[in-house]
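Take a look at the letters that make up each chain.
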Amino acid sequence: NAGVTQTPKFRILKIGQSMTLQCTQDMNHNYMYWYRQDPGMGLKLIYYSVGAGITDKGEVPNGYNVSRSTTEDFPLRLELAAPSQTSVYFCASSSDREIQANVLTFGAGSRLTVL
Amino acid sequence: GENVEQHPSTLSVQEGDSAVIKCTYSDSASNYFPWYKQELGKGPQLIIDIRSNVGEKKDQRIAVTLNKTAKHFSLHITETQPEDSAVYFCAASGFQKLVFGTGTRLLVSP
Chain U
26 NAGVTQTPKF
36 RILKIGQSMT
46 LQCTQDMNHN
56 YMYWYRQDPG
66 MGLKLIYYSV
76 GAGITDKGEV
86 PNGYNVSRST
96 TEDFPLRLEL
106 AAPSQTSVYF
116 CASSSDREIQ
126 ANVLTFGAGS
136 RLTVL
Chain P
730 GENVEQHPST
740 LSVQEGDSAV
750 IKCTYSDSAS
760 NYFPWYKQEL
770 GKGPQLIIDI
780 RSNVGEKKDQ
790 RIAVTLNKTA
800 KHFSLHITET
810 QPEDSAVYFC
820 AASGFQKLVF
830 GTGTRLLVSP
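Line by line, the protein sequences give chains U and P.
As numbered in the numbering used here, residues 26 to 140 make up the first sequence, in order.
As numbered in the numbering used here, residues 730 to 839 make up the second sequence, in order.
If we strip away everything but chain U, and leave its shape as in the complex, we get (with noise of 0.2 Å):
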């Protein structure tokens, strides 16, 4: 059971350039997350998923976009790449079930760094 697994693990961008990162889960989950941690921050909310075509902004959704178009993916996208947002970014999944709904599973991480 692989869990949640998020490519690629490291990339250095330019500025003004565009990448996407992977995010995958196996465990039939509805609920996706990314967030990006910077050091003595914590974790920050990008975007957020409840299902398959439904998304929504977290606390820090500017410079990101994101898609939902089956249960299993939920990529992020940064259209013109700023050295703010080098960062470490977690892709996190849950049940929708009630109980099980804030308890997460997360990724391995994916380190950018914008030069």
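Treat the hints with care, since some could be wrong.
Heads up, incomplete: computed chain P residues facing chain U, CB under 10 Å, no partners named [said to hold, decoys possible]:
| no. | residue |
| --- | --- |
| 1 | 775 |
| 2 | 820 |
| 3 | 837 |
Below, in silico cross-link-like pairs of lysine-lysine (BS3-like), each with a Cα-Cα straight-line distance of 30 Å or less [what the hints assert, rightly or not]:
| no. | chain 1 | residue 1 | chain 2 | residue 2 |
| --- | --- | --- | --- | --- |
| 4 | P | 797 | U | 34 |
| 5 | U | 34 | P | 786 |
| 6 | P | 771 | P | 786 |
| 7 | P | 787 | U | 82 |
| 8 | U | 39 | P | 771 |
| 9 | P | 826 | P | 751 |
| 10 | P | 797 | P | 786 |
| 11 | P | 800 | U | 82 |
| 12 | U | 69 | P | 786 |
| 13 | U | 82 | P | 786 |
| 14 | P | 766 | P | 800 |
| 15 | P | 786 | P | 751 |
| 16 | P | 826 | P | 797 |
| 17 | P | 800 | P | 751 |
| 18 | P | 766 | P | 786 |
| 19 | U | 34 | U | 82 |
| 20 | U | 39 | P | 751 |
| 21 | P | 797 | P | 751 |
| 22 | P | 826 | U | 69 |
| 23 | U | 69 | U | 39 |
| 24 | P | 751 | P | 787 |
| 25 | P | 787 | P | 800 |
| 26 | U | 69 | P | 787 |
| 27 | U | 82 | U | 69 |
| 28 | U | 34 | P | 826 |
| 29 | P | 826 | P | 787 |
| 30 | U | 82 | P | 826 |
| 31 | U | 34 | P | 771 |
| 32 | P | 766 | P | 751 |
| 33 | P | 786 | P | 826 |
| 34 | P | 826 | P | 800 |
| 35 | U | 82 | P | 771 |
| 36 | P | 751 | P | 771 |
| 37 | P | 787 | P | 797 |
| 38 | U | 69 | P | 771 |
| 39 | U | 39 | P | 797 |
| 40 | U | 34 | P | 787 |
Don't read these hints as lab results, they were simulated from the structure.
Ideal Cβ placement from N, Cα and C applies to all residues, glycine included.
Let chain U serve as the given structure and place chain P on it in line with the hints.
Chain P only, in chain U's frame:
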């Protein structure tokens, strides 16, 4: 919205000692309080959680306490071992999504 503060930011203990990490939250409607452990190069992993209808929960060497009146909750690790070294995050959630604390780096020295 919810705001979660976590202290200390770093904590160094000797193997066998106890470690305590404290968090406070702002939204009295929050009713779910998990703790995640993040080892180097990995994603956070849930280690214990507590809901607002109980004041304490234990799982072997770890325990969490909750004081809803004061709006704070704590993680207690007893008989610490080197493998407990990691970053620990608290979080709080009610109707809205999880809000995380800023993390505590725990170092257990042999």
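Evaluation of the provided hints:
no.	hint	in the structure
1	775	6 Å, holds
2	820	8 Å, holds
3	837	21 Å, violated
4	797(P) / 34(U)	39 Å, violated
5	34(U) / 786(P)	35 Å, violated
6	771(P) / 786(P)	26 Å, holds
7	787(P) / 82(U)	35 Å, violated
8	39(U) / 771(P)	25 Å, holds
9	826(P) / 751(P)	20 Å, holds
10	797(P) / 786(P)	14 Å, holds
11	800(P) / 82(U)	27 Å, holds
12	69(U) / 786(P)	27 Å, holds
13	82(U) / 786(P)	33 Å, violated
14	766(P) / 800(P)	22 Å, holds
15	786(P) / 751(P)	15 Å, holds
16	826(P) / 797(P)	19 Å, holds
17	800(P) / 751(P)	11 Å, holds
18	766(P) / 786(P)	17 Å, holds
19	34(U) / 82(U)	24 Å, holds
20	39(U) / 751(P)	40 Å, violated
21	797(P) / 751(P)	14 Å, holds
22	826(P) / 69(U)	11 Å, holds
23	69(U) / 39(U)	23 Å, holds
24	751(P) / 787(P)	16 Å, holds
25	787(P) / 800(P)	19 Å, holds
26	69(U) / 787(P)	28 Å, holds
27	82(U) / 69(U)	12 Å, holds
28	34(U) / 826(P)	26 Å, holds
29	826(P) / 787(P)	25 Å, holds
30	82(U) / 826(P)	11 Å, holds
31	34(U) / 771(P)	11 Å, holds
32	766(P) / 751(P)	14 Å, holds
33	786(P) / 826(P)	22 Å, holds
34	826(P) / 800(P)	18 Å, holds
35	82(U) / 771(P)	25 Å, holds
36	751(P) / 771(P)	23 Å, holds
37	787(P) / 797(P)	18 Å, holds
38	69(U) / 771(P)	17 Å, holds
39	39(U) / 797(P)	47 Å, violated
40	34(U) / 787(P)	35 Å, violated
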